[in-house]
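A.B. asks: So you can see what is in the structure, the chains are spelled out below.
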Amino acid sequence: QKEVEQNSGPLSVPEGAIASLNCTYSDRGSQSFFWYRQYSGKSPELIMSIYSNGDKEDGRFTAQLNKASQYVSLLIRDSQPSDSATYLCAVTPGGKLTFGTGTRLTIIP
Amino acid sequence: DTAVSQTPKYLVTQMGNDKSIKCEQNLGHDTMYWYKQDSKKFLKIMFSYNNKELIINETVPNRFSPKSPDKAHLNLHINSLELGDSAVYFCASSQAVLGTDTQYFGPGTRLTVL
Chain A
1 QKEVEQNSGP LSVPEGAIAS LNCTYSDRGS QSFFWYRQYS GKSPELIMSI YSNGDKEDGR
61 FTAQLNKASQ YVSLLIRDSQ PSDSATYLCA VTPGGKLTFG TGTRLTIIP
Chain B
110 DTAVSQTPKY LVTQMGNDKS IKCEQNLGHD TMYWYKQDSK KFLKIMFSYN NKELIINETV
170 PNRFSPKSPD KAHLNLHINS LELGDSAVYF CASSQAVLGT DTQYFGPGTR LTVL
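Those protein sequence lines, which keep their order, are chains A and B.
Residue numbers for the first sequence follow my numbering, beginning at 1 and rising by one.
Residue numbers for the second sequence follow my numbering, beginning at 110 and rising by one.
By construction, these hints were calculated from the structure, which means they are not laboratory data.
Take these hints with a grain of salt, some might be off.
When the alpha-carbon atoms are kept at most 20 Å apart in a straight line, the in silico SDA-like pairs for lysine to any residue are as follows [said to hold, decoys possible]:
(1) A:K2 / A:D83
(2) B:K150 / A:P10
(3) A:K96 / B:F151
(4) B:K153 / B:S174
(5) B:K145 / B:N166
(6) A:K2 / B:F151
(7) A:K42 / B:A196
(8) B:K150 / A:K56
(9) A:K42 / B:V197
(10) B:K131 / B:I165
(11) B:K153 / A:P93
(12) B:K150 / B:T221
(13) B:K153 / A:E5
(14) A:K56 / A:G41
(15) B:K150 / A:D78
(16) B:K150 / B:Y119
(17) B:K149 / A:R104
(18) A:K56 / B:D210
(19) B:K131 / B:N159
(20) A:K56 / A:D83
(21) B:K176 / B:K149
(22) A:K42 / B:S114
Counterexamples of contact, computed for chain B against chain A with all Cβ distances above 10 Å [to be verified]:
(23) P117
(24) V121
(25) L136
(26) D139
(27) S157
(28) K161
(29) L163
(30) T168
(31) N171
(32) R172
(33) P178
(34) L192
(35) S195
(36) Q204
(37) Q212
Just so it is clear, CB atoms sit at the ideal spot from N, CA and C, and this is done for glycine as well.
Please take these sequences and the hints and turn them into a complete structure.
C.D. replies: What follows is the structure in structure tokens.
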């Protein structure tokens with residue numbers, strides 16, 4: 001079992017709709033969870049971090065964490081074409097940042 | 110006011126050569142990292158240094174040797190380059206010793222081995 005699993009996509013969402021990205025992880029001891037966005041040819045940039053169960057909102061982005069189910073998700077409301085990118089889920093087993101393979105998101109105008 | 114910078118941005122070289130990539134951060138962070146992103150875009154940690162001390166050394170061939178002259182710099186030297194070393198290498202930094210807080214990534218170095 002991979003440490004961090006994501007659906008690779010591509011995920012296509014109409015502009016203005018909600019994009020939902022999911023991630024599962026295997027290490028129950030992980031305490032920190034991150035979503036990074038990576039545009040093609042660019043470096044990853046942090047968009048959300050979450051450390052406790054529940055929802056965390058930041059503008060159009062909401063991260064959801066369920067440690068019992070070992071599941072973390074990212075919702076993007078009012079999707080914009082500029083949201084088209086690869087979204088990387090990252091978890092910290094043993095304090096080491098471990099990435100999933102990423103989900104490629106395309107927002108269709 | 111670049112936060113994490115890397116040089117060079119592109120590196121094209123022949124198999125068997127030795128090359129180095131340099132990284133500098135001006136964020137005042139104590140911890141720096143090297144990551145490799147392969148052709149399938151999978152991003153994996155290679156090394157981590159905290160205050161010039163190696164704290165994470167993943168299963169990386171010993172042809173790869175990181176060096177941290179001070180806590181603002183982390184360089185990566187690669188000996189006897191192989192075709193499989195072709196990838197994008199990212200440097201990153203964070204304040205925490207372990208990767209439990211936000212990491213800031215450099216722009217990446219695209220290495221192509223011919």
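A.B. asks: Look at each hint and say if it fits the structure.
C.D. replies: Hints and how they fare:
no.: 1; hint: A:K2 / A:D83; result: violated (27 Å)
no.: 2; hint: B:K150 / A:P10; result: holds (14 Å)
no.: 3; hint: A:K96 / B:F151; result: holds (15 Å)
no.: 4; hint: B:K153 / B:S174; result: holds (16 Å)
no.: 5; hint: B:K145 / B:N166; result: holds (13 Å)
no.: 6; hint: A:K2 / B:F151; result: holds (12 Å)
no.: 7; hint: A:K42 / B:A196; result: holds (13 Å)
no.: 8; hint: B:K150 / A:K56; result: violated (27 Å)
no.: 9; hint: A:K42 / B:V197; result: holds (10 Å)
no.: 10; hint: B:K131 / B:I165; result: holds (18 Å)
no.: 11; hint: B:K153 / A:P93; result: holds (13 Å)
no.: 12; hint: B:K150 / B:T221; result: holds (15 Å)
no.: 13; hint: B:K153 / A:E5; result: holds (14 Å)
no.: 14; hint: A:K56 / A:G41; result: violated (29 Å)
no.: 15; hint: B:K150 / A:D78; result: violated (27 Å)
no.: 16; hint: B:K150 / B:Y119; result: holds (17 Å)
no.: 17; hint: B:K149 / A:R104; result: holds (12 Å)
no.: 18; hint: A:K56 / B:D210; result: holds (16 Å)
no.: 19; hint: B:K131 / B:N159; result: holds (17 Å)
no.: 20; hint: A:K56 / A:D83; result: holds (19 Å)
no.: 21; hint: B:K176 / B:K149; result: violated (27 Å)
no.: 22; hint: A:K42 / B:S114; result: holds (13 Å)
no.: 23; hint: P117; result: holds (15 Å)
no.: 24; hint: V121; result: holds (16 Å)
no.: 25; hint: L136; result: holds (13 Å)
no.: 26; hint: D139; result: holds (14 Å)
no.: 27; hint: S157; result: violated (8 Å)
no.: 28; hint: K161; result: holds (19 Å)
no.: 29; hint: L163; result: holds (13 Å)
no.: 30; hint: T168; result: holds (12 Å)
no.: 31; hint: N171; result: holds (20 Å)
no.: 32; hint: R172; result: holds (22 Å)
no.: 33; hint: P178; result: holds (23 Å)
no.: 34; hint: L192; result: holds (22 Å)
no.: 35; hint: S195; result: holds (16 Å)
no.: 36; hint: Q204; result: holds (13 Å)
no.: 37; hint: Q212; result: violated (6 Å)
Of the numbered hints listed earlier, those contradicted by the structure are 1, 8, 14, 15, 21, 27 and 37.
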